[in-house]
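Enquirer: Residue strings, one per chain:
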Amino acid sequence: MLLYGLKRVLTLAPVFLAMSAVVFLIVHLVPGDPIDHMLQIGASPERRAELVARYGLDRPLPLQYLTWLVRVVSGDLGEAIILKRPVAQLIAANLPYSVALGGLALLFSTVVGATLGALAAYFADTAFDRAAMATILFGSTVPNFWLGLLMILIFAVQLGWFPVSGARSWDAVVLPVLTIGLGGVALIARVTRAALIDAWRQDFVTLLHAKGLSRRAIFARHLLRHALAPVVTILGLKIGWVLGGAVTIEYVFARPGLGSLLITSLAQRDYPVVQGCLLMLGVGVLIGTLLGDLAQAALDPRLRERLA
Amino acid sequence: MSRVHPLLRAAATPLGGPAAVYLVALIAAALLAPWIAPYPYDAQNLAEAALPPSTAHWLGTDEFGRDLFSRILYGARISLGVAVSSMMASVAIGLVVGAVAGYAGGWLDRGLMAGVDLTWSFPEILIALVMIAILGPGLGSTAVAITIGYLAQFARLSRAQIAALKGELYVEATVALGASHAHVLFAHLVPNALTPVLVAGMLAAGDAIVLEATLGYFGLGAQPPLPSWGAMMSSGVAQMFIAPWVIVFPGVAIALTVVAINLYGDALIDALQIRNRLRER
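If you're matching them up, the sequences are chains A and B in order. Just so you know, the numbering used here puts 124 at position 124 of the first sequence, and the rest follows in order with no gaps. Just so you know, the numbering used here puts 224 at position 224 of the second sequence, and the rest follows in order with no gaps.
Simulated from the structure, these hints should not be mistaken for lab results. All C-beta atoms in this analysis are idealised placements derived from N, C-alpha and C, irrespective of residue type, glycine included. Mixed in with the good hints, there may be bad ones.
Reference listing, derived: stretches of chain B covered by chain A, where coverage requires no fewer than 3 residues with Cβ under 8 Å from a Cβ of chain A [what the hints assert, rightly or not]: (1) 87-95; (2) 203-214; (3) 242-248; (4) 251-263.
Pair ranges (Cβ atoms, derived) [claimed, not checked]: (5) A:Val111 with B:Gly111: 38 to 44 Å; (6) B:Val96 with A:Ala298: 53 to 59 Å; (7) A:Thr67 with B:Ala114: 21 to 27 Å; (8) A:Val9 with B:Tyr170: 29 to 35 Å; (9) B:Gly167 with A:Ala298: 36 to 42 Å; (10) B:Glu172 with A:Ala100: 33 to 39 Å; (11) A:Ala298 with B:Tyr170: 44 to 50 Å; (12) B:Glu63 with A:Glu46: 44 to 50 Å; (13) B:Ala187 with A:Leu25: 36 to 42 Å; (14) A:Val111 with B:Leu278: 26 to 32 Å.
Whenever a hint applies, use it, and build me the whole structure from the sequences.
Expert: Put into structure tokens, the structure is as follows:
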């Protein structure tokens with residue numbers, strides 16, 4: 001297991017290097033002088049010279065990337081142009097909000113999605129199944145941010161149950177979690193249902209029937225465990241998409257977080273902050289992928305052997 | 001029955017039928033917007049700002065008194081136009097990259113697919129935001145973002161099709177007859193791989209509409225006063241408590257369109273009997 005984990009980390013290393021190189025290149029690909037994008041208009045020549053020296057812009061590009069990477073890994077992400085604070089500080093202040101939101105949304109989608117999928121499979125081809133699947137089709141196709149705006153209109157404005165925006169009280173997290181979670185619920189419910197219906201057709205189920213077990217007992221004691229592996233697979237694959245959802249939804253609910261910070265900084269062209277946020281979100285996706293892979297390998301020994 | 005074109009057979013199913021009718025009507029409305037919209041999309045009338053739906057303004061007016069129904073019709077031109085054209089570019093590039101990788105194999109395959117898999121590892125919205133960071137906000141960047149964001153899906157699909165086909169006897173026969181690799185690949189293999197990739201592209205057009213709307217809502221896509229469905233909500237959000245229809249109706253247009261694309265696409269997959277070929281490996 002440890003060996004498998006190490007190998008997975010090693011296969012992700014080139015992805016991290018390539019991703020960080022793209023993020024590094026952003027300031028060089030934007031038309032114009034990279035230094036101009038890191039300075040406020042009317043900055044002093046001394047500040048300019050300081051930045052040229054700091055980023056070593058007279059040296060070849062690969063060397064600049066390496067210098068930048070070393071700084072980044074040691075926690076130095078540069079200085080925000082508009083907010084005039086170290087980018088690392090801004091990210092540290094916003095990260096906990098994003099982690100909490102993403103974690104809760106993931107938990108919500110897993111619990112509700114797996115339950116809904118299991119019920120739909122148990123009552124396959126009944127009115128309940130069809131209603132659940134129709135809701136799921138709707139939930140997985142409407143734009144996430146629009147769902148968030150509707151939630152605000154209905155539950156915050158009309159009913160007044162939750163705050164409209166921000167993150168000042170605990171209940172402000174409910175609507176954002178529901179909004180991100182619904183897409184996840186749709187996905188996980190669909191996978192759970194398919195896995196259970198698939199497992200239902202296997203020989204050991206016929207045997208259990210012959211032994212006299214009830215449909216409910218077969219589902220609860222034998223099939224649910226069987227359906228776990230595909231659900232964990234899809235969770236691992238889609239953790240990044242939950243993060244992507246968080247980026248959008250934070251902005252809709254005006255919550256602090258990496259997504260809000262990224263989108264406002266993009267509009268203001270505050271490149272050091274943009275780079276820092278993109279890098280952190282990219283690393284988040286990679287960590288999510290890794291955790292998903294490890295969970296899958298922990299559940300299924302065959303997988304460890306195949307890749308080890 | 002089998003003589004009927006699959007596109008029509010899909011439109012004859014209970015779910016694919018209404019979806020096809022809606023999509024045809026939407027495309028017609030988008031093309032004819034200048035002639036059928038009751039008002040110009042940028043005609044401001046502050047005396048009639050933020051009015052609820054009425055007989056004069058079927059879907060109400062926005063914060064500048066612009067007719068929402070007209071703006072949604074014009075918005076369809078931009079939202080559909082950007083999503084469909086960038087999706088076609090994405091399908092075309094993905095098809096060629098995947099086909100070359102799948103046919104060539106070896107280091108070319110590994111190199112091309114490493115690049116493709118890099119974008120595959122990250123959510124489309126993050127890739128789109130990187131593109132916006134480089135190119136700046138606007139419709140052009142949105143188009144590039146969609147093209148690159150969905151490329152991996154088509155490259156992987158087309159590579160899988162080509163890799164499955166290249167061992168076929170007729171391919172060997174064509175090579176033995178002295179045909180060039182380019183001829184074998186583009187005259188014989190790609191046409192056979194085309195259908196699943198095109199259908200995947202059609203389904204992804206729904207996602208592209210949502211991505212365009214999301215960027216528009218962030219204020220990073222279509223810029224005012226151009227009405228894209230997402231950008232309309234971006235400017236309407238400040239007024240959402242007095243004029244919620246400005247938020248609700250463009251969203252309904254997006255939701256209906258995406259659901260229709262999915263339902264028709266699903267019917268088309270059944271009509272073409274290619275459900276298995278849409279899996280990659």
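Enquirer: Checking each numbered hint in turn, tell me which of them this model violates, lowest number first.
Expert: 1, 6, 8 and 10
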